[in-house]
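Read off the chains here:
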Amino acid sequence: AQTVTQSQPEMSVQEAETVTLSCTYDTSESDYYLFWYKQPPSRQMILVIRQEAYKQQNATENRFSVNFQKAAKSFSLKISDSQLGDAAMYFCAWHTPLVFGKGTRLSVIA
Amino acid sequence: KAGVTQTPRYLIKTRGQQVTLSCSPISGHRSVSWYQQTPGQGLQFLFEYFSETQRNKGNFPGRFSGRQFSNSRSEMNVSTLELGDSALYLCASSPTTGSMNTEAFFGQGTRLTVV
Chain A
102 AQTVTQSQPE
112 MSVQEAETVT
122 LSCTYDTSES
132 DYYLFWYKQP
142 PSRQMILVIR
152 QEAYKQQNAT
162 ENRFSVNFQK
172 AAKSFSLKIS
182 DSQLGDAAMY
192 FCAWHTPLVF
202 GKGTRLSVIA
Chain B
565 KAGVTQTPRY
575 LIKTRGQQVT
585 LSCSPISGHR
595 SVSWYQQTPG
605 QGLQFLFEYF
615 SETQRNKGNF
625 PGRFSGRQFS
635 NSRSEMNVST
645 LELGDSALYL
655 CASSPTTGSM
665 NTEAFFGQGT
675 RLTVV
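Protein sequences appear in the order of chains A and B. Residues 102 to 211, numbered by the working numbering, are exactly what the first sequence covers, in order. Residues 565 to 679, numbered by the working numbering, are exactly what the second sequence covers, in order.
A hint or two may mislead.
Stated by the list, open to error - Per the computed footprint, the stretches of chain B lying under chain A, defined by three or more beta-carbons under 8 angstroms from a beta-carbon of chain A, are: (1) 604-611; (2) 651-657.
As the list claims (entries may be wrong) - Calculated pairs, EDC-like style, for lysine to aspartate or glutamate (alpha carbon to alpha carbon, straight line, at most 20 angstroms): (3) B:Lys621 / A:Glu130; (4) A:Lys156 / B:Glu667; (5) A:Lys171 / A:Asp132.
These aren't lab readings, by the way, just hints derived from the structure by calculation. For every residue, glycine included, the Cβ atom is placed at its ideal position computed from N, Cα and C.
Looking at chain B on its own, in the form it has when it is part of the complex (with noise of 0.2 angstroms):
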């Protein structure tokens, strides 16, 4: 069974653009989170999409959003991007929303860096 995969995995903008990201979950998995690595913040939750619609969100600009589709497929968007967005962000998916016991399983992430 295939992982979940990020595409693309490195990417350069320019301040003021804006990004999109995407994730393909594993097959069958409904839920899709969505995550921000800095090394000065460390690995933060953006949020959280079940069978499209979002079921949760973190403490991020409204320049931060995202969606996901009706197969599972989910996207997120960076809007007028700044120096600090520059992050490794990380997508995880699961069978359900909602489960505590149920595993994220993630992808190697898309690098993105803003000059």
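Same shape as in the complex, but just chain A (with noise of 0.2 angstroms):
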């Protein structure tokens, strides 16, 4: 079964730092994708960020990037220029079906 493990419980920031959110999983697949996605107060959750295993090149959205490292299975998110509204729940999810980490509290100081 797949794991995912997030050891940062909380996290905090200064407003227009740069912070990264670690994430480790195991899979014994050899092809899948990883998610970043974002849960704010209002509960919703939005995918912050995409990852294909087979894709070497680190995916980029913005502000948000990664930093996957498949043979040490590990997936982390870094969140440049950090803002206000970056303050939320964020898990790292891996695919199909999405299998969950405990997730990370960041808070962005102003």
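Now that you have both chains on their own, put them together as the hints suggest.
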């Protein structure tokens, strides 16, 4: 069975600074996708970024980028130029079906 | 295009009762998945339906069941409610199933409280 581990229950970052959220996973599959989802206080899960396991190039979406290390089964999320609106729970997930980590609560300090 | 709609948003039930939650996917989406979110266990996969057929099932007791209708709307049912069933139940829809690249679009969830 697939497992996803997020070792940082809480993180904080100063506005405009950069923060990295960690995620490791375990799977015997060779082809899969990894996702980062954001869940703000509204509870609406929002896809932040996705990574295809067979692609070595790290995915990037505006201020969000990942560091995907397939051999190490590591999938960290970097948020650059943090904004107050980035404050939320962030979930790392393996697909399919979606297997989520326990989440990291990110606080952004003005 | 309307998003994923879950009803009701909030629900309070008594132990031993049963409950039915509803999910209307994005128009054109044929896959619907359900997840349970609790502070202790986090987000856990319940089941996935595609074209009225259950395609995948998580590790939950038989008290948890679901179905999907021909219009892709889905319901999940929990019988003989226990206090531990109190959770946020999230529904997600996707255009297809089995495709790892398919983004899942989530509803805002149904907050179930069992007293």
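Hint check:
1. 604-611: Holds: 4 residues of the stretch 604-611 of chain B have a Cβ under 8 angstroms from chain A.
2. 651-657: holds (count 3)
3. B:Lys621 / A:Glu130: holds, 18 angstroms
4. A:Lys156 / B:Glu667: Given that 20 angstroms is the threshold and the Cα spacing comes to 17 angstroms, the pair holds.
5. A:Lys171 / A:Asp132: holds, 11 angstroms
In terms of the numbered hints stated before, the structure departs from none.
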